Amino acid sequence: MNIETSDLEKAILLKVSGRMDAENAHEFEQACEPWIARGAKHLIADLDGLQYVSSMGLRSFLAVAQKLQSSSGSLILCRLNGLPRQVFELTRLIGLFPIFDSAQEALATL
Amino acid sequence: MDSEAQRLTLPASVESVAEFRNFVRSGAVAADVPEADLEKLDLVMEEILVNIARYAYIPESGVAEVLFVPEGPGKLYVEISDWGNAFNPLAVEPPDFSRGLAERSIGGLGVFLVRSLVSSIAYRREADRNILSFGFPGPDS
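Sequence order for the protein chains is A and B.
Reading the first sequence from the start, the letters are residues 138 to 247 in my numbering.
Reading the second sequence from the start, the letters are residues 6 to 146 in my numbering.
These aren't lab readings, by the way, just hints derived from the structure by calculation.
Note that the coordinates shown come from a computational prediction; the quantities given were computed from them, not determined experimentally.
Mixed in with the good hints there might be a few duds.
Output of the computed footprint for chain B on chain A, the stretches with three or more beta carbons under 8 Å from beta carbons of chain B [claimed, not checked]: (1) 138-150; (2) 154-167; (3) 173-187; (4) 195-203.
Cβ coordinates follow ideal geometry from the N, Cα and C atoms, glycine included.
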C-alpha cells in the first residue's frame with residue numbers, strides 16, 4: 138500500500154493505492170494521526186488506486202472516521218470502486234461515510 | 006478426491022497469510038477460477054487466517070494447515086485447520102448494522118464478508134482440530 142498526502146487547506150488529501158490488508162492497515166491510521174493531532178477537521182481519502190481492502194482495513198477507516206467525528210470533522214471517501222466498494226457495500230459501511238466521485242466534488246461541500 | 010488435494014502447513018501468524026493466500030491462489034488459477042474472483046479468494050483467506058493467527062492459540066502459538074482440491078471447472082474446495090481452542094466462527098453474532106458511525110464496530114465483519122463471498126461454508130471439530138471448509142467462488146461472482 139502507498140499513501141501520498143497533501144494539504145488542500147480546506148482538507149487533507151490522502152491518495153491510497155495498492156492493497157490494504159492485515160499487515161499494513163495500521164499505516165493508514167498512522168498517516169492520518171499527525172493531521173488530526175494538528176487540528177485537521179476533514180480528511181479526504183482518494184481510493185482510486187486501492188485494489189483490495191480487508192476487514193482490518195475497514196477497522197482503520199472506521200477508527201479515523203470516529204476520531205474525526207468526535208471533533209465535528211469527517212473522513213470523506215472518493216473514487217471508491219471495484220472490490221473495495223463491494224466490501225464497503227457488503228458490510229453496510231457505505232452509508233456511514235460521505236462518498237464522492239472526486240476530491241474536487243468533496244472539497245466543494247466543505 | 007484426496008489424491009488431488011494439496012496441503013501447506015505454516016505458523017499461525019499474520020506473517021504467514023500472504024504465503025497461504027498465494028498457495029490457494031495458485032490452485033485457483035490451475036482450476037480456472039476467473040481472474041476477477043482471485044482477490045475475493047484472497048479476502049476470504051485473509052479473514053479466516055487472521056482470526057486464527059490472533060485468537061486460536063492465545064496465549065501460545067501453533068500452526069495452521071490449508072488444503073485445497075479443485076472441484077470441477079472454475080471451482081475450488083478449501084479447508085483451513087488449526088489445533089487451537091475449540092472455536093466455531095460461524096456461531097459469531099452477525100454485525101449490528103443498525104448502529105451509526107460513532108457506535109459501529111467491525112466485530113463480526115470478517116466472518117460476515119467470508120459468508121458473502123463463498124458458495125458454501127461449514128465448521129467441524131475433529132479431535133483437537135478446528136476445521137473450516139468452504140467452496141469458492143460464491144454465487145455473486
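A quick look at each hint next to the structure:
no.	hint	verdict
1	138-150	violated (count 0)
2	154-167	holds (count 3)
3	173-187	violated (count 0)
4	195-203	holds (count 5)
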